[in-house]
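Undergrad: Sequence:
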Amino acid sequence: MNLYELYDFAVDQGIDVDWYTMPFAKSFSIFIPSLDRRAIALDPWKFETVADEFTTLGHEVGHCMTYSFYNRWTACDVKKKHENRADKWEIEQFLPLDALEAAAHEGCTEVWDLAERFGVTEDLVRKAICWYKHGNLAVDQYL
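Per the working numbering, the sequence shown starts with residue 31, numbered consecutively.
Honestly, the hints are just simulated from the structure, not real lab data. Keep in mind that a hint or two might mislead.
Stated by the list, open to error - Listed below are the simulated DSS-like cross-link pairs for lysine-lysine, each with C-alpha atoms no more than 25 Å apart in a straight line:
hint	residue 1	residue 2
1	Lys76	Lys118
2	Lys111	Lys56
3	Lys109	Lys76
4	Lys163	Lys109
Kindly generate the complete structure, drawing on both the sequences and the hints.
TA: Below is the structure:
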């Protein structure tokens, strides 16, 4: 899936995606209960690469697809749980284990090479490796 297809996927799932200039965030997702709507806001001026935009949008779509939302008063451990749920959804959608294994069999084994191949950031590749190898996203403990 490329960036344009990801935007289309979000819209097809009933998720509003809008661009805003935001002073303190690159992106966020929300659920509006009174309208039964999910929405994503992205600041397009904060993306350094297409892979950065794709990975950020994929993460926010993960929040929307798993209904993993929180607010500023939510406890830190609950926030982390929702962030992890969004990351896991994104990994399973865009870096499935069989695709990573196939890439490795073809000699694509470096993090930067995998990121380039799948059109995502190196950070997401590291999380995917950690998720599939260790069953968690604690990259700082393993990689």
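Undergrad: CA of Lys76 to CA of Lys118, is that 25 Å or under?
TA: Satisfied, since the Cα-Cα distance of roughly 23 Å is no more than 25 Å.
Undergrad: Is it true that the CA of Lys109 sits at most 25 Å from the CA of Lys76?
TA: Holds, at roughly 23 Å.
Undergrad: Is the Cα-Cα distance between Lys111 and Lys56 25 Å or less?
TA: At roughly 20 Å apart (the allowed maximum being 25 Å), Lys56 and Lys111 satisfy the hint.
Undergrad: Given the proposed pairing of Lys163 with Lys109, does the C-alpha separation stay at or below 25 Å?
TA: This hinted pair holds, its Cα atoms lying about 24 Å apart.
Of the numbered hints listed earlier, not one is contradicted by the structure.
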